[in-house]
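Line by line, the protein sequences are chains E, D and R. Residues 1 to 220 (my numbering) make up the first sequence, in order. Residues 221 to 444 (my numbering) make up the second sequence, in order. Residues 445 to 544 (my numbering) make up the third sequence, in order.
There may be inaccurate statements among the hints.
Unchecked claim - Computed, partial: chain E to chain D, Cβ under 7 Å: (1) W4; (2) R62; (3) L115; (4) M119; (5) V120; (6) G132; (7) G141; (8) N149; (9) I153; (10) S156; (11) P174; (12) T176.
What the hints assert, rightly or not - Cross-link-like lysine-lysine pairs, in silico, DSS-like; alpha carbons within 30 Å at most: (13) K3/E to K231/D; (14) K197/E to K137/E; (15) K3/E to K539/R.
It is worth saying that the hints were derived from the structure and are not from the lab. These figures come from a predicted structure and were not determined experimentally. Where a beta carbon is used, it is the ideal one built from N, C-alpha and C, also for glycine.
Below, each chain spelled out in residue letters.
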Amino acid sequence: MPKWFLRAAVVCAVMFVLSPFVIANADYESTMGLVQKIFYYHMPSAWMFLVAGIVCGVASVRFLISGDPRHDRTAWAAAEMAVIFGVVTLVTGPLWARRAWGTYWVWDARTTSSLVQWMVAWAYLILRRYGGPGSDKLAAGLALFGVANVGFIYISVNYWRTIHPATTVVPKLPFTMGFPLWYCVASFTLLFVLLLKMRIRLEEQRATLDSLYLSLDEQH
Amino acid sequence: MIRLAWLILRKDLTVEVRSGEIAYTTLFFAVTCVLVFAFALVREGRPPEDGAAGILWIAIAFAGNLALGRAFERERQAETLRALLLAPTPRPAVYLGKLLGIVVLLAGTEAILVPLIALLFQAQLLAHPFWLSAILAAGTIGFAAVGTLFAAMLVRARSRDVLLPVLLYPITVPVIIAGVRGTAALLQPQFEGDIVRFWFALLIAFDAVFVTLSLWTFESVMTD
Amino acid sequence: MSLSMRTLAAVVLTVFCVSVPLGAQVPQPSGQAPKNQGEYVPIEQLPPQDQLPAAPLLIAAYSFVLIVFFAYVLSLSRRLTSVQRDVDRLGATLKQSSKP
Numbered sequence: 001m002p003k004w005f006l007r008a009a010v011v012c013a014v015m016f017v018l019s020p021f022v023i024a025n026a027d028y029e030s031t032m033g034l035v036q037k038i039f040y041y042h043m044p045s046a047w048m049f050l051v052a053g054i055v056c057g058v059a060s061v062r063f064l065i066s067g068d069p070r071h072d073r074t075a076w077a078a079a080e081m082a083v084i085f086g087v088v089t090l091v092t093g094p095l096w097a098r099r100a101w102g103t104y105w106v107w108d109a110r111t112t113s114s115l116v117q118w119m120v121a122w123a124y125l126i127l128r129r130y131g132g133p134g135s136d137k138l139a140a141g142l143a144l145f146g147v148a149n150v151g152f153i154y155i156s157v158n159y160w161r162t163i164h165p166a167t168t169v170v171p172k173l174p175f176t177m178g179f180p181l182w183y184c185v186a187s188f189t190l191l192f193v194l195l196l197k198m199r200i201r202l203e204e205q206r207a208t209l210d211s212l213y214l215s216l217d218e219q220h
Numbered sequence: 221m222i223r224l225a226w227l228i229l230r231k232d233l234t235v236e237v238r239s240g241e242i243a244y245t246t247l248f249f250a251v252t253c254v255l256v257f258a259f260a261l262v263r264e265g266r267p268p269e270d271g272a273a274g275i276l277w278i279a280i281a282f283a284g285n286l287a288l289g290r291a292f293e294r295e296r297q298a299e300t301l302r303a304l305l306l307a308p309t310p311r312p313a314v315y316l317g318k319l320l321g322i323v324v325l326l327a328g329t330e331a332i333l334v335p336l337i338a339l340l341f342q343a344q345l346l347a348h349p350f351w352l353s354a355i356l357a358a359g360t361i362g363f364a365a366v367g368t369l370f371a372a373m374l375v376r377a378r379s380r381d382v383l384l385p386v387l388l389y390p391i392t393v394p395v396i397i398a399g400v401r402g403t404a405a406l407l408q409p410q411f412e413g414d415i416v417r418f419w420f421a422l423l424i425a426f427d428a429v430f431v432t433l434s435l436w437t438f439e440s441v442m443t444d
Numbered sequence: 445m446s447l448s449m450r451t452l453a454a455v456v457l458t459v460f461c462v463s464v465p466l467g468a469q470v471p472q473p474s475g476q477a478p479k480n481q482g483e484y485v486p487i488e489q490l491p492p493q494d495q496l497p498a499a500p501l502l503i504a505a506y507s508f509v510l511i512v513f514f515a516y517v518l519s520l521s522r523r524l525t526s527v528q529r530d531v532d533r534l535g536a537t538l539k540q541s542s543k544p
């Protein structure tokens, strides 16, 4: 692993350890009270889920065009990130919703489209695991379609169902709530980069292992 | 290129007319599916409200999945897909030909399903035949466009039978939603033209984007 | 690398488990010391702050986040070490067989 990795990992760990203190000092929200503090972990992980999907899509397109296996490794790692951050988002959201909306789940535009995109990411991983040879290009095609589909899913579900806080909430946050949010965004972004790097490293090592097996076969 | 696509379509249809394998099995499966829904949901002669639209599209989705799997399985077994790809035909023509074949097959199935569902679920599906055909056509093309690409991609993969629905259904969620909502709007006592037009426009947009995307992807992904 | 990663993860987990209860203590709202009650006053509904305790949900959410990331880092480092071990072993075997 590169030199910066361990140092960045320590920084990330410290930031996460300090985050409960930062969050505890934020003001309470007037209507939701204590449970709104889930927002400081739910929002950044939702953003990282989105970023992971975009990274996977872009890497898949580059892989389909160039055939360079590095893009394929990035795409696979990003899909796994999408599943992990997606799970965090889709569990912390309902826990917050239970108190704020009275129910664990509502089928509105944002929640349903997030769930569907999460299923596409999960389908990507299933395909890579069980698809056999040639599944790298297949999965790249799936990721491409998944990303292109984001708009359609959002529009169709939006006109099908309508409760999720509007996107105007974040820019209007006062400093006492904005600072913990952006602090957590920074922590989550750092975590995302670190986990992505580790996962790509795993694929690189697997590729090295394959080429070593091939050299061993050639020798005998 | 259109002529080549038409040739491939004619080839598939000729094989199908002679053997009838995919058409009959798909039709039978779709009808059985609808009957199972009828047994499960119709209580004492009263069908669930607004159930017909959803059941129609579920039956189309399941039947389409089966038809796609069988169509490419036949190609795989006879090695004709490899022959098609080796021949100096432009790849998009192969894709279009297969797509049209699946659409024709599903259209035939829908022609049987619509009256059956209208009868079993007491839904006025045939009240606006023009709009119903338009929505069914647009939705079927969208579903088949994505399905043909994925089924062709999976021809050489392991676990392809299970992987096709796993990949296909999340991606075709907007088509199913739009199709069901559009059909349900047609079933309302008051005809709401705006709503029907909106869902139809969404389906057309989906078709345009995904047929184009599939044509581009088919080239890069059909490795041998 | 894996040993230091594991140590780091264990340290983080311990510190987190200690710091979350400390940091998340809700300050008591002032002026609510219970007075000696002479009589019971009935009310129809529970006051809002007693209706559904938010703290268990909050703690569940944060604990879940912690568990998911911890489990993922563990799974990833385990996969990495096993592949690394195979790479080293194969590399050594290749070097051995190419020597003579």
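Item to check | Violated constraints from the hint list, given by number and in increasing order | outcome: 1, 2, 3, 11, 12 and 13
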